[in-house]
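Line by line, the protein sequences give chains A and B. Per the numbering used here, the very first residue in the first sequence carries number 29; after that it's consecutive. Per the numbering used here, the very first residue in the second sequence carries number 29; after that it's consecutive.
Don't take every hint at face value.
Because identical chains share one entry, a pair is satisfied inside a single copy or across any pair of copies.
[Unchecked claim] Here are the simulated BS3-like pairs of lysine-lysine, each with C-alpha atoms no more than 27 Å apart in a straight line:
#: 1; residue 1: Lys318; residue 2: Lys131
#: 2; residue 1: Lys188; residue 2: Lys217
#: 3; residue 1: Lys188; residue 2: Lys317
#: 4; residue 1: Lys75; residue 2: Lys109
#: 5; residue 1: Lys99; residue 2: Lys312
#: 6; residue 1: Lys75; residue 2: Lys188
#: 7; residue 1: Lys246; residue 2: Lys99
#: 8; residue 1: Lys384; residue 2: Lys99
#: 9; residue 1: Lys312; residue 2: Lys109
#: 10; residue 1: Lys246; residue 2: Lys109
#: 11; residue 1: Lys99; residue 2: Lys188
#: 12; residue 1: Lys391; residue 2: Lys201
#: 13; residue 1: Lys201; residue 2: Lys99
#: 14; residue 1: Lys246; residue 2: Lys384
#: 15; residue 1: Lys99; residue 2: Lys318
#: 16; residue 1: Lys32; residue 2: Lys312
#: 17; residue 1: Lys109; residue 2: Lys201
#: 18; residue 1: Lys109; residue 2: Lys317
#: 19; residue 1: Lys384; residue 2: Lys75
#: 20; residue 1: Lys318; residue 2: Lys221
#: 21; residue 1: Lys99; residue 2: Lys195
#: 22; residue 1: Lys99; residue 2: Lys317
Read the hints as simulated data drawn from the structure, not as lab findings.
Number of protein chains: 2
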Amino acid sequence: MQFKLITTDNHARLGQIHTTRGTINTPAFMPVGTNATVKAMDPDEMKELGAEVLLSNTYHLYLRPGHEVIKEVGGLHRFMKWDGPILTDSGGFQVFSLSPLRKISDEGVTFRSHLDGSLHFLTPELVMEIQGALGADIAMVFDECTPYPATREYALKSLKLTTEWAKRCLEAKNENQALFGIVQGGVYKDLRKQSAEELIEMDFDGYALGGLSVGEPKELMYEMVNYTTPLLPVDRPRYLMGIGDLLDVLEAVSAGIDMFDCVMPTRNARNGTLFTSRGRISIKREEFKKDPGPLDPDCSCYTCRNYSRAYLRHMFMSREILSMRLNTMHNLQFYMEFFRRLREAISSGRFEQFRKEQTPVLKNNFHEG
Amino acid sequence: MQFKLITTDNHARLGQIHTTRGTINTPAFMPVGTNATVKAMDPDEMKELGAEVLLSNTYHLYLRPGHEVIKEVGGLHRFMKWDGPILTDSGGFQVFSLSPLRKISDEGVTFRSHLDGSLHFLTPELVMEIQGALGADIAMVFDECTPYPATREYALKSLKLTTEWAKRCLEAKNENQALFGIVQGGVYKDLRKQSAEELIEMDFDGYALGGLSVGEPKELMYEMVNYTTPLLPVDRPRYLMGIGDLLDVLEAVSAGIDMFDCVMPTRNARNGTLFTSRGRISIKREEFKKDPGPLDPDCSCYTCRNYSRAYLRHMFMSREILSMRLNTMHNLQFYMEFFRRLREAISSGRFEQFRKEQTPVLKNNFHEG
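Sequences and hints are given; from them, build the entire structure.
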């Protein structure tokens, strides 16, 4: 994996991550394919939407169907029929957010499966083995996701553990697989700095900010991103994990972040909340019942080219599978197009202008009439 | 609408139904798009699968979103983005099978919506108005679906009502819309004959057999089909409503039936039961966990070209939407291909041979190893 910084616009960066499976233009949005599928989509559709990289979840695939199953049938790319780059997270966040029990020791984490309650023990070495078996192009180190709120003492202990585990992951690094470190430190600037410095010394292929958007006020999250990002090496990609509200994306890009992932476009789609050039729409609203127009007249996606709001509302109210497909297609198109325009803006030195134009749209809840 | 009988092989018939929206080769299978979508599919996929006609449900669309909504946004074809022929049923069967209450009078049927319990009153005239608003290419008369078991007395009264309603439907017939009569009569041959004769006298564009596969033994169903079908006019299409088990299809085609509809391929797909050239497979079986091979090596569908049984099992176990898509795609391809080969067999006078070859496959539950 190679990162090339093409240009900057203040702190905002335009770049490219070159992998053997293709180039990722940054700032990049990584659609989430938790269970080896982006929910409701097929991989050809993801290609058409312009997705250049997918994220898949180590925790979920370890539990079901098992990384050894996927390895045996030829790896994750072949399994899910996606030949572009894949980034796998390390499971640290899922153990933290999904497991009904977790017990952390220096060695690793004991947790219960959210699927069947079975007991599991994840270590940095096992997490690297899993990501190797999956055959991800970019792997993440196993980290402890520091909760919010956490005392300074806890956050320090937690970041030290993450540093130790990062070392062990580096020792267990797989060939032909990039590995990113994850900066922790809670909402304590000096701890974020300490974490960043310890990881930078280990020389990872890229650096992520973890443990954000876990309950802290948004201003605190922004403060951490703005403080920590400039501490990271200029020549490595920077990834803000799990964040994808587009207002947050604009803030983070302005701080120099290059990569994002989030279930927001896909999950919202399934719940009937759709992003448009005039604001968010809840497709179930009565006002759309007989609306013959497209969801978003400014959108060129399959959904907007072919269907009326009346049909989309009917599909949603009838809980039809096609509703999830059409809505997901549209929201992903909106995200992909947003990132394309974001990159164009940086390229031509208009990032701040783009941000100013987009902010009111992103804040708006759109109603007809 | 015009029907052209091309050739026969004993009683089995090869034909074509010409409509302004395209030709339907018979024997034809009509995939079911209850709520204005074939569940999990988009219309482009239906085209690629070779579907030449879809069936949609008057009862469902009347209740939600309402036929007036669909009319206002340009009719059912435009609404669901399907430009091929559409047949709508009359709601008679759904009122019978889905409504928690129905009260039949000469005038019509009072029933409660299965969606919200609201009271509705359907008459032959209203049913024709609904099908006109939807803009179906082929409409069905409003009938009373005679239950099983029913006394001879009840079945006679029921068939007389259906005849009366058929007359009223004919009087309310929509322009540019074919209308089929529905033969009732329960499991009484003489009543089936009486119903057929009364309807034939009214000169419908086609004739359906209704009230079958409603609980009666299969032999009795076969007996009714074999007895009644030859009573129908040679120059009109014959449609066996709601039946689509392929063994039943073979029996009915041998009696001279031309059209079928059934949720079997789509519903089974969503439940993980898949049709293959070696028999039915339940994709959730443990034996497929690490199976790298295609679902059906003899199938050329998107699913079989791209995915392993291991992946299909994983999608199913994870309840992913893609599971329903890939499974539905495959089962519909199996049905479409089956009907193509069935027509070829009739065309070349090999129908009985085809039936003999297919019967053991259709009866088989396929296990690996």
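Here is how each hint holds up against the structure:
1. Lys318 x Lys131: neither (54 Å within a copy, 32 Å between copies)
2. Lys188 x Lys217: within (15 Å within a copy, 85 Å between copies)
3. Lys188 x Lys317: Classified as neither: same-chain Cα gap 56 Å, cross-chain 40 Å, threshold 27 Å.
4. Lys75 x Lys109: Result: close both inside a copy and across copies, 11 Å intra and 23 Å inter.
5. Lys99 x Lys312: between (42 Å within a copy, 20 Å between copies)
6. Lys75 x Lys188: neither (40 Å within a copy, 59 Å between copies)
7. Lys246 x Lys99: neither (40 Å within a copy, 47 Å between copies)
8. Lys384 x Lys99: Neither, since 47 Å and 42 Å both go past 27 Å.
9. Lys312 x Lys109: between (33 Å within a copy, 20 Å between copies)
10. Lys246 x Lys109: Result: close neither inside a copy nor across copies, 37 Å intra and 43 Å inter.
11. Lys99 x Lys188: neither (32 Å within a copy, 66 Å between copies)
12. Lys391 x Lys201: neither (42 Å within a copy, 52 Å between copies)
13. Lys201 x Lys99: within (17 Å within a copy, 62 Å between copies)
14. Lys246 x Lys384: Only inside one copy: lysine 246 and lysine 384 sit 19 Å apart there, 70 Å across copies, limit 27 Å.
15. Lys99 x Lys318: between (50 Å within a copy, 10 Å between copies)
16. Lys32 x Lys312: neither (44 Å within a copy, 45 Å between copies)
17. Lys109 x Lys201: within (25 Å within a copy, 51 Å between copies)
18. Lys109 x Lys317: between (38 Å within a copy, 17 Å between copies)
19. Lys384 x Lys75: Close neither inside one copy (30 Å) nor across copies (44 Å); limit 27 Å.
20. Lys318 x Lys221: Result: close neither inside a copy nor across copies, 56 Å intra and 45 Å inter.
21. Lys99 x Lys195: For lysine 99 and lysine 195, only the intra-copy Cα distance (25 Å) is at most 27 Å; the inter-copy one is 66 Å.
22. Lys99 x Lys317: between (48 Å within a copy, 12 Å between copies)
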